[in-house]
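Here the structure of chain A is known, so what remains is to put chain B in place on it, guided by the hints.
Protein sequences appear in the order of chains A and B.
Residues 19 to 222, numbered by this note's numbering, are exactly what the first sequence covers, in order.
Residues 316 to 409, numbered by this note's numbering, are exactly what the second sequence covers, in order.
None of these hints come from the bench; they were simulated from the model.
There could be a bad hint or two in this list.
Unchecked claim - Which residues of chain B face chain A? A few of them, derived with a C-beta cut under 7 Å, are:
id: 1; residue: A347
id: 2; residue: W351
id: 3; residue: K353
id: 4; residue: T354
id: 5; residue: Y355
id: 6; residue: I358
id: 7; residue: E359
id: 8; residue: V364
id: 9; residue: T365
id: 10; residue: Y369
id: 11; residue: P370
id: 12; residue: N374
Said to hold, decoys possible - Label pairs and their calculated CB-CB ranges:
id: 13; chain 1: A; residue 1: T160; chain 2: B; residue 2: T354; range: 32 to 38 Å
id: 14; chain 1: B; residue 1: C332; chain 2: A; residue 2: H118; range: 48 to 54 Å
id: 15; chain 1: B; residue 1: A344; chain 2: A; residue 2: S212; range: 31 to 37 Å
Virtual Cβ for every residue (Gly too), placed ideally from N, Cα, C.
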Amino acid sequence: MKHPLASVALLVTASLAHSEVLTFDFKDPKGVNNIVFKLDAPLESISGTTSGITGTIQADPENHTDVKGKIVVDAKSLTVPNPLMQEHMLGPEWLDTEKHPEIVFEIKEIVNDKRDGNTGSADIKGVFTMKGTSKEITVPATVTYLPGRLADRTNGQQQGDLLVVRTNFQIQRSDFGIKAGENLDKVSDTIDISLSIAGAAPKS
Amino acid sequence: MRGAIRIIAILLLAGGCTLAFGTLALWTAAGAHTGWTKTYIEIEKTDDVTGITYPERVNRFVPGVDFLFPGLAAASICIFAAVVILKRNPNKKS
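Isolated chain A, as found in the complex (with noise of 0.2 Å):
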């Protein structure tokens, strides 16, 4: 017969085993990652891309409000498809990625968790810099958490679970002082973002 207190060790050990916290890797060697910005202008919008994306998040899949972390984007992979604009948007007038190379995104709380089995929305309130200015900022997210599918992802060669974060949010150039006030003509002061990632958690 079993010791009850193996049976009491056990479910301690498993409680313990599902609030474990996992660190989730954002740099994507597939190239999947990708943040989508427009901003509106007269002949056409402005749309770009990126997949330049790092950074990590330590999250419990058990606790969603547990999370911290930050997402990292290179400025100089912020692509768009006309070579001026492209010029343009990297120089010093508007981003200026010599002197401010990263776009940062750092998780401070997480707000308004709502879960659905391994699906989650949330308000990820988070400090943003762009241009060397922080802002205070909160963004409405989904959250898919894919236990052991890691796997899948890279022919089996790696055990693991993935993280997919989506979120869509809306910034001001003006508050990153990114041409306050200027060329809202050709330009609007709105960029419209969209983020679509996924981290993986190896397991060894």
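This is chain B only, laid out in the frame that chain A set:
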């Protein structure tokens, strides 16, 4: 001398017409894009595991209005200059 100037004017006229036709033909053949010129297009794909939709880049030159209008403007200047030269240097035989 006058003959040489007329030959230059005719070459300018032919060049202007070719440039105008070439610019219009290229712009139309590439889809008559009324936005800015693009050096690549993006095709939307979906990752099977994560369900993430991502843009895949395909290098392709898509001329826009910033290609069309300067091309037509340069052609117009050539044609206008040729017409002015031909009017100032009329053919002696005619």
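* Does N374 (chain B) meet its interface restraint, that is, does its C-beta lie within less than 7 Å of any C-beta in chain A? -> violated (10 Å)
* Asked: For the hint on T365 (chain B), does the least C-beta distance to chain A fall short of 7 Å?
  -> Given a least distance of 4 Å, the restraint on T365 (chain B) holds.
* Taking the CB of A344 (chain B) and the CB of S212 (chain A), does the distance hold inside 31 to 37 Å? -> holds (32 Å)
* Asked: Does Y355 (chain B) pass the interface check with chain A, least Cβ-Cβ distance below 7 Å?
  -> holds (5 Å)
* **T354 (chain B) as an interface hint toward chain A, with CB separation required under 7 Å** => holds (6 Å)
* **chain A contact restraint on E359 (chain B) - CB to CB distance below 7 Å** => This hint is violated: E359 (chain B) lies away from chain A, its Cβ roughly 10 Å from the closest one there, beyond 7 Å.
* Can we keep the A347 (chain B) interface hint, with Cβ of chain A closer than 7 Å? -> Violated - the Cβ of A347 (chain B) stays beyond 7 Å from chain A, reaching only about 13 Å at its closest.
* To do: Let me know if the C-beta of P370 (chain B) comes in closer than 7 Å to any C-beta of chain A, holds or violated.
  => holds (5 Å)
* Hint check: is the beta carbon of Y369 (chain B) less than 7 Å from a beta carbon of chain A? -> holds (5 Å)
* **Cut-off 7 Å, beta-carbon criterion: hint that K353 (chain B) touches chain A** => This hint holds: K353 (chain B) lies near chain A, its Cβ roughly 4 Å from the closest one there, short of 7 Å.
* Honestly, do T160 (chain A) and T354 (chain B) meet the 32 to 38 Å range at C-beta? -> At roughly 33 Å between Cβ atoms, T354 (chain B) and T160 (chain A) fall inside 32 to 38 Å, so the hint holds.
* Would the hint on W351 (chain B) stand, with a C-beta cut-off of 7 Å toward chain A? -> holds (5 Å)
Hints 1, 6, 7, 12, counting from the list given before, are not met by this structure.
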